[in-house]
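Participant: Chain by chain, the residues:
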Amino acid sequence: MGWLPRLVFRRLAVLIPLLAIVSVGVFLLLQLAPGDTARVLVGAKPATPETLAAIRARYHLDLPLLEQYLYWIRGVLQGDFGRSIVTNQPVTDVIAQRLPLTLYLGTYGFLITVGIGLPLGIVAALRRQTGLDRSIVAVSVVGVSAPAFATGILLLYVFGVVLGWFPTFGPGRDFLDRLSHLTLPALALAFSALALVVKVTRASTGEELDKDYVAFARARGLSRMRVIGPYAVRNALVSITTAIGLVFVYMLTGTVLVEVTFALPGLGTLLIDSVQALDIPVVQALTLMIAAFIVVVHLGIDISYAVLDPRVRYGRAAA
Amino acid sequence: MTSEAIALGGRPTVVGRRLRKRFPLLVGMAFAIMGAVVVCALASDLIAPYDPNQQNLSESALRPSAEHLLGTDQLGRDIASRVVYGARTALVGPVLVAVGGFTIGTFLGLLAGYLGGRTDSLVMRWVDLMFALPGLLVTVVIVGIVGGGYWMAVALLVVFFSPSDTRIVRGEALRQRSLPYVEAARTLGLSRRRIMFRHIGPNVLPIVLAYVFLDFAFALVSLSGLAFLGIGVSPGTPDWGLMLFENRNLLFRNPAAAVAPGIAIVATAASMNLIGDWLYERSTGRTDLRS
Chain F
1 MGWLPRLVFR
11 RLAVLIPLLA
21 IVSVGVFLLL
31 QLAPGDTARV
41 LVGAKPATPE
51 TLAAIRARYH
61 LDLPLLEQYL
71 YWIRGVLQGD
81 FGRSIVTNQP
91 VTDVIAQRLP
101 LTLYLGTYGF
111 LITVGIGLPL
121 GIVAALRRQT
131 GLDRSIVAVS
141 VVGVSAPAFA
151 TGILLLYVFG
161 VVLGWFPTFG
171 PGRDFLDRLS
181 HLTLPALALA
191 FSALALVVKV
201 TRASTGEELD
211 KDYVAFARAR
221 GLSRMRVIGP
231 YAVRNALVSI
241 TTAIGLVFVY
251 MLTGTVLVEV
261 TFALPGLGTL
271 LIDSVQALDI
281 PVVQALTLMI
291 AAFIVVVHLG
301 IDISYAVLDP
311 RVRYGRAAA
Chain A
1 MTSEAIALGG
11 RPTVVGRRLR
21 KRFPLLVGMA
31 FAIMGAVVVC
41 ALASDLIAPY
51 DPNQQNLSES
61 ALRPSAEHLL
71 GTDQLGRDIA
81 SRVVYGARTA
91 LVGPVLVAVG
101 GFTIGTFLGL
111 LAGYLGGRTD
121 SLVMRWVDLM
131 FALPGLLVTV
141 VIVGIVGGGY
151 WMAVALLVVF
161 FSPSDTRIVR
171 GEALRQRSLP
181 YVEAARTLGL
191 SRRRIMFRHI
201 GPNVLPIVLA
211 YVFLDFAFAL
221 VSLSGLAFLG
231 IGVSPGTPDW
241 GLMLFENRNL
251 LFRNPAAAVA
261 PGIAIVATAA
271 SMNLIGDWLY
281 ERSTGRTDLR
291 S
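Chains F and A are the protein sequences, given in the same order.
Just so we're aligned: 71 in the working numbering is position 71 of the first sequence, and the numbers increase by one with no gaps anywhere.
Just so we're aligned: 253 in the working numbering is position 253 of the second sequence, and the numbers increase by one with no gaps anywhere.
Some hints could be false.
Computed beta-carbon distance windows for the label pairs [to be verified]:
#	chain 1	residue 1	chain 2	residue 2	range
1	A	Gly-171	F	Asn-88	49 to 57 Å
2	F	Gly-79	A	Gly-149	34 to 42 Å
3	F	Asp-36	A	Arg-118	37 to 45 Å
Listing some non-contacts, in silico: residues in chain F with all C-beta distances to chain A over 12 Å [as the list claims (entries may be wrong)]:
#	residue
4	Thr-92
5	Asp-93
6	Ile-116
7	Val-123
8	Tyr-213
9	Val-307
10	Arg-311
Examples of chain A residues toward chain F, derived with CB under 8 Å [as the list claims (entries may be wrong)]:
#	residue
11	Ala-132
12	Ser-224
13	Gly-225
14	Ala-258
Honestly, the hints are just simulated from the structure, not real lab data.
Heads up, the beta-carbon is just placed ideally off N, CA and C, and yes, glycines get one too.
Just need the whole structure built from these sequences, with the hints factored in.
Facilitator: This is the structure in structure tokens:
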């Protein structure tokens with residue numbers, strides 16, 4: 001077996017049990033909601049004895065908890081999360097309708113974060129202790145301090161209301177229209193994560209630049225660009241990759257805040273609306289999706305470690 | 001402090017110059033802003049021109065004027081007064097979260113760092129797990145569905161904030177445990193508990209203290225985010241995050257109603273971050289934070 005499948009198997013052996021544990025917690029959300037479970041599942045509809053009995057039968061509420069869980073998880077593995085309490089549609093359909101917008105927003109925001117954060121961090125590291133470096137750091141301090149919804153409101157006011165450069169409402173229709181509608185949300189989403197990327201890139205690139213091999217390569221006559229790109233930045237990428245994992249977690253939260261701020265009909269607003277309406281099947285599905293997403297991100301990070309750092313490939317852990 | 005900086009391998013001259021340069025300007029401003037926030041929280045009744053909950057529907061969503069410095073919101077409540085009163089929840093919750101996270105983090109970090117072995121790997125596995133979770137979303141789901149309101153949200157955030165402190169304290173404790181004074185204490189036959197909490201603890205404290213400020217800033221951002229999402233503070237409370245949510249549709253009629261609390265959050269959090277960064281540099285002589 002090559003190193004890649006071996007690595008994937010080894011990580012999955014840890015991550016899949018973890019997901020199983022999370023799924024138990026997610027399943028229990030239904031039991032933890034205040035009040036009689038069947039009534040919670042009926043929602044706002046009139047709770048006649050017949051509907052209650054039908055719900056009990058459909059969700060196997062009269063069985064012991066363990067059996068309920070097994071029924072539930074079997075459905076989940078087949079993509080069946082039950083029906084939304086509010087709209088009575090299958091949960092998978094509800095999510096499928098909302099997913100494209102959130103994917104678009106998340107990808108857009110992520111590209112901005114990395115596309116701006118990485119170069120800024122490298123520039124700050126190259127020009128350490130100068131005015132440029134200090135202003136980049138100052139902006140990133142503001143970024144860490146600015147919650148996505150506050151940035152969102154400020155951007156909306158300045159660029160949407162005062163300058164009128166961008167639309168202030170709605171998700172847009174086709175790809176290009178959406179691009180302009182989602183620019184402000186994506187910027188708001190990117191801003192706080194950006195700060196993290198800048199900080200880590202600056203710190204780790206700076207650390208690499210201080211190392212002897214850089215001084216040696218420069219003394220040997222290699223040009224500045226040859227040393228920085230292929231050597232210093234490449235070595236710094238190992239720590240930066242870790243930060244990218246955190247960026248994804250940041251962005252999960254950020255997307256929810258930004259979607260609510262800009263009233264975008266994505267998964268984030270769906271989560272908040274469902275929590276407020278106690279639409280538990282939808283919340284369960286979204287929570288599991290988030291957990292699965294995090295697992296995939298971590299798997300991706302482990303793989304990129306191995307790609308970036310050959311020591312990891314041959315079984316020796318990276319520092 | 002300078003001798004400590006040298007002992008830890010810092011570059012005292014560069015750091016010294018940077019500190020002298022940085023204190024008067026940015027950090028001074030940060031302390032001034034924090035002072036203003038604390039005064040607002042303590043003396044809200046004296047400073048605020050109006051009762052923050054006084055509704056007046058005939059004065060709905062007015063633009064700023066001499067009478068209402070920041071205008072009014074949809075229900076005719078005075079924005080300036082609500083921003084002043086908002087300083088209260090902006091301090092109480094984050095202080096609790098920062099101090100709670102600090103206490104748990106220091107305890108677990110000292111245990112993991114000094115005892116090592118199985119305790120260490122157990123604690124660190126917990127830390128890694130918590131780092132992978134989006135704490136705010138978990139809090140939204142749990143508080144939203146199970147209930148518990150504001151205090152539950154604060155308690156959950158304490159749990160989600162302690163891992164970062166744990167990691168810092170553990171790292172410092174690891175570094176300290178091989179220093180001569182720890183060895184001396186061990187030779188004297190002092191108990192492990194005494195070495196951890198009476199000897200290593202105080203030496204680790206200055207660095208962790210910097211993180212208390214950073215935690216405060218992030219806790220403010222998180223708690224106002226929760227309020228914005230309708231989790232935690234009860235409706236009607238003058239809270240900056242909640243105000244942003246309530247007034248986000250007034251951008252055309254009275255933008256100050258949404259912009260002012262937003263600026264209050266960012267300014268307060270940025271001040272605490274700056275103070276934390278500054279304390280960190282002072283206590284370690286290192287400049288690269290949170291790397």
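Participant: Look at each hint and say if it fits the structure.
Facilitator: To see whether the hints hold, each was checked on the structure:
Roughly 52 Å separates the CB atoms of Gly-171(A) and Asn-88(F), a value that falls within the hinted 49 to 57 Å. Between Gly-79(F) and Gly-149(A) the C-beta distance comes to about 35 Å, which sits within the given range of 34 to 42 Å. As the Cβ distance of Asp-36(F) to Arg-118(A) is approximately 44 Å, the hint placing it in 37 to 45 Å holds. With 12 Å as the threshold on Cβ separation, the claim that Thr-92(F) sits away from chain A holds: the shortest Cβ distance comes to roughly 19 Å.
Consistency note on Asp-93(F): stated as away from chain A, and its beta-carbon is indeed over 12 Å from all of that chain's, at 21 Å minimum. The claim that Ile-116(F) is not at the interface with chain A holds, since no C-beta of that chain comes within 12 Å of its own (minimum 19 Å). For Val-123(F), the shortest C-beta to C-beta distance to chain A comes to about 16 Å, beyond the 12 Å cut-off, and the non-interface label holds. With a minimum CB-CB distance of about 20 Å to chain A, Tyr-213(F) clears the 12 Å threshold, and the non-interface call stands.
Once the 12 Å rule is applied to beta carbons, Val-307(F) is consistent with being away from chain A; the minimum gap is 21 Å. Its beta-carbon lying about 20 Å from the closest one in chain A, Arg-311(F) satisfies the requirement of being farther than 12 Å from that chain. Because the closest C-beta pair between Ala-132(A) and chain F is about 6 Å apart, less than 8 Å, the hint holds. The interface hint given for Ser-224(A) is met, as the beta carbon of that residue sits about 6 Å from the closest beta carbon of chain F, less than 8 Å.
The restraint placing Gly-225(A) at the interface with chain F holds, with a minimum CB-CB distance near 5 Å, inside the 8 Å limit. For Ala-258(A), the shortest C-beta to C-beta distance to chain F is roughly 5 Å, which falls under 8 Å, so the interface hint holds.
Of the hints listed earlier, there is not a single one the structure fails to meet.
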